[in-house]
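There are 2 protein chains.
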Amino acid sequence: MAQKPSIPKGTRDFGPAETAARNYIFDTIRSVFRTYGYSQIETPAMENLSTLLGKYGEEGDKLLFRILNSGDAFANVDNTRPLTPQVCEKGLRYDLTVPFARFVVQHQNDICFPFRRYQIQPVWRADRPQKGRYREFYQCDADVIGSTSQLNELELVQIVDTVFRKFGVRVCIKINNRKVLTGLAEICGFPDKVVDITVAIDKIDKIGMEAVEEEMISKGLTPEAVKIIEPVLTLKGSAAEKIAAMRPIMGSSETGMKGLDELEELFGFIEAAGIVNEVEIDLSLARGLNYYTGAIFEVKALDFQIGSICGGGRYDNLTGIFGLPGMSGVGISFGADRIYDVLSGLGKFPAEVKSSTKILFANMGEAAYLIPVISALRSRGLACELYTDKTKLKKQFDYAERKGIPFISINGSDEVAQGIVNIKNLESGEQKSFAKDDADGILAFVS
Amino acid sequence: MAQKPSIPKGTRDFGPAETAARNYIFDTIRSVFRTYGYSQIETPAMENLSTLLGKYGEEGDKLLFRILNSGDAFANVDNTRPLTPQVCEKGLRYDLTVPFARFVVQHQNDICFPFRRYQIQPVWRADRPQKGRYREFYQCDADVIGSTSQLNELELVQIVDTVFRKFGVRVCIKINNRKVLTGLAEICGFPDKVVDITVAIDKIDKIGMEAVEEEMISKGLTPEAVKIIEPVLTLKGSAAEKIAAMRPIMGSSETGMKGLDELEELFGFIEAAGIVNEVEIDLSLARGLNYYTGAIFEVKALDFQIGSICGGGRYDNLTGIFGLPGMSGVGISFGADRIYDVLSGLGKFPAEVKSSTKILFANMGEAAYLIPVISALRSRGLACELYTDKTKLKKQFDYAERKGIPFISINGSDEVAQGIVNIKNLESGEQKSFAKDDADGILAFVS
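Respectively, the protein sequence lines represent chains A and B. Under the working numbering, think of the first position of the first sequence as 1, with each following residue one higher. Under the working numbering, think of the first position of the second sequence as 448, with each following residue one higher.
Calculated from the structure, these hints are not laboratory results.
Partner residues are not named here, just some residues of chain B that face chain A (Cβ under 7 Å, in silico):
# : residue
1 : Thr-466
2 : Gln-487
3 : Glu-489
4 : Asn-495
5 : Arg-549
6 : Gln-553
7 : Asn-599
8 : Ala-814
With a cut-off of at most 27 Å between alpha-carbon atoms, the simulated DSS-like pairs for lysine-lysine come out as follows:
#  : chain 1 : residue 1 : chain 2 : residue 2
9  : A       : Lys-131   : A       : Lys-206
10 : B       : Lys-837   : A       : Lys-258
11 : B       : Lys-705   : A       : Lys-390
12 : A       : Lys-62    : B       : Lys-451
13 : A       : Lys-403   : A       : Lys-4
14 : B       : Lys-613   : A       : Lys-436
15 : A       : Lys-55    : B       : Lys-456
16 : B       : Lys-502   : A       : Lys-4
17 : A       : Lys-206   : A       : Lys-227
18 : A       : Lys-219   : A       : Lys-242
19 : B       : Lys-509   : A       : Lys-4
20 : A       : Lys-131   : A       : Lys-203
21 : B       : Lys-705   : A       : Lys-392
22 : A       : Lys-258   : A       : Lys-203
23 : A       : Lys-193   : A       : Lys-242
24 : A       : Lys-9     : B       : Lys-502
25 : A       : Lys-203   : A       : Lys-300
26 : B       : Lys-650   : B       : Lys-747
27 : A       : Lys-432   : A       : Lys-354
28 : B       : Lys-705   : B       : Lys-650
29 : B       : Lys-509   : A       : Lys-9
30 : A       : Lys-166   : B       : Lys-883
31 : B       : Lys-839   : A       : Lys-258
32 : B       : Lys-837   : B       : Lys-883
33 : A       : Lys-242   : A       : Lys-227
34 : A       : Lys-436   : A       : Lys-394
35 : A       : Lys-55    : B       : Lys-451
36 : A       : Lys-62    : B       : Lys-456
37 : B       : Lys-795   : B       : Lys-578
38 : B       : Lys-841   : B       : Lys-883
39 : B       : Lys-674   : B       : Lys-705
All figures in this text were calculated on a predicted structure; none of them were measured in a lab. All C-beta atoms, glycine included, are put in the ideal place defined by N, C-alpha and C.
Kindly generate the complete structure, drawing on both the sequences and the hints.
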């Protein structure tokens, strides 16, 4: 009975301070999505396993949380066959992308395309829990589906730029294009070595040109192939300069040229939009190489050491798996847990996030006198608390201090007789008296 | 491959319009909670089954969704014993109250009491799906724990009153007290018949006094016992009058008198607070009779036929099941699905809920010209969309219409040459031109 209760490993409780901070993150992102016309949707936590299985690779299938069928799940099982598929038909959402694809196909007749949707919901993965990796965590995704225009990529870059400006966090937005990587692999004659080439490019700053070339050869490229790619590895300068330098090399690959065209168009828009944060071409971005077909995004914080805090890209056949081909989409996903760590590490959470209650009205037994005063303040949007128990003032002060409430109001029979209310700033010590119906005066004093 | 995808029975997708409407409900409730100093918390979707089992009765245990252990759940099972407990250690949250009790006990050293918390999260129940009953639905609970003052009950009544005033929905807030019901059962000599007596009281308006008395006798009460309760069944008048009429009858029950004291104190506060909606004593409220120990609340919409849309009460030993005795709490729960039906049935959703995008900028191939114009509007909080594909104007108009976007902006090379932007009100037909950097002018025109 009295065993200390606990929660499943890899899951978390969020107390008041953490929830307020997380809400600040989600509300900020949501407010930016909204100004771009993205609409929120929500899908069920449970999906049919037929929807989820086979979408995340063999490893992903193992990480799905399965729900035992309700009723007597084992009533008619055949013990000679594997039991899991016989007793589980549903699983918990593993990401937001597959449910989104399922949603689009299922509701295609009700959807107005191009469809801009965002979704902020938890996902569940039976990963081995470790520092910074959880079995339940929120994803925060924005995708647009049904348009191939690079203006969509631009909007996602603008969204990222605006969100992090609102957070007061300087970031670098790195952009790659899968078609350019495909082109590089094509022009050197190893179209199946896209990943190896990308990984090698990623190492150039750490291990130097010679070691990178050796690595590519160890992966099966010929010295001649490496020679062709070499100029790309050391590209410097602006996006326009990098694109210009790649064009002559890429000449023979149609896909590669298409990729350069896309990058050029996107960076043209980016210049027109006046993005404040750094935006650069980074050919080493290998994120999601298995499914992205065009742009690839990744966002890094400049002043805080942590992995990427946002990422995404374009996928040309998102809904094909559910029978709706030819739908191109592009999207980004904000990493709420890491953004939390960045804001917290840089001290960027606004003060209001810590405590929303502005005034604690102490209880000296005059509650009925104070109730209308407090109501008037609340109706003006001010968060106030009345200490509900008539108890020692020391205890009530402690409560205000622990909750970080900045003002206290202490009123006894004298104040009631005079028809006034005292408000004290707990930090500065300044105290003022107000007529009991002067809600506007009190509001001004504490704002 | 191309099977039409679906979701598990009893679950729902929420598209843009529904999600926006639901957010309006949650945001409104949340904004009121906040002004009363309630803090939000979140708990994991999965709880250990040891936390959940035995808390909802035998029926409830059957309705828990259980999660198959990850890894090879069946590797070491003993086939001679029931399999379910061997292969499932976790279950999905069934309500928010048990996780809240678990949270309070687990984090008691970090919590500042009295602890006012709210929680808005989905819960899952393997109920048979039917109209209006789902296997996944949101609960929206506010509770305060660690204070026995009736001021807490008052605050919950104020919260309910404020929330439904914000919704523009007239409600009746019905209040009962478990101690009064206990008292009635005691004074007539049948302390174990609380439920039967309450159910009988509930029927008085429908079947009349005689039938109610017969029913009580059929449940085992004596005619003498019924005679004692009779005056209570026909109580009329204000709360104060009802309480006054009950006092002489209740004299011999200490618990009953305590209940009347609580009601009297609460209604005194309610009068001081100037509650706008109807508030009345309703002795027939039997909701949660198994666990409530003091106040019982229920809220009914006055202008729409539907079950209760909000309810709650006080429970004196919420955390005792987890080893922390002596913690009294009182709380309410808003029924988001029913409130949705009421607002929708009465047409009370604000127009802004339907579409947040104010202006669609058509794409005539002049995107780079429009991007800074649109950015300036978005930075002022206005939701705008640029149609990302350069396509037939008809298609772009259709898009604006389907999404309910009220303004369209169509600009070709002439407008670019003149440095202007046209904005047209799609409803009135009124059109105006603005200098391309006159974001404030455009904002005023569309607001």
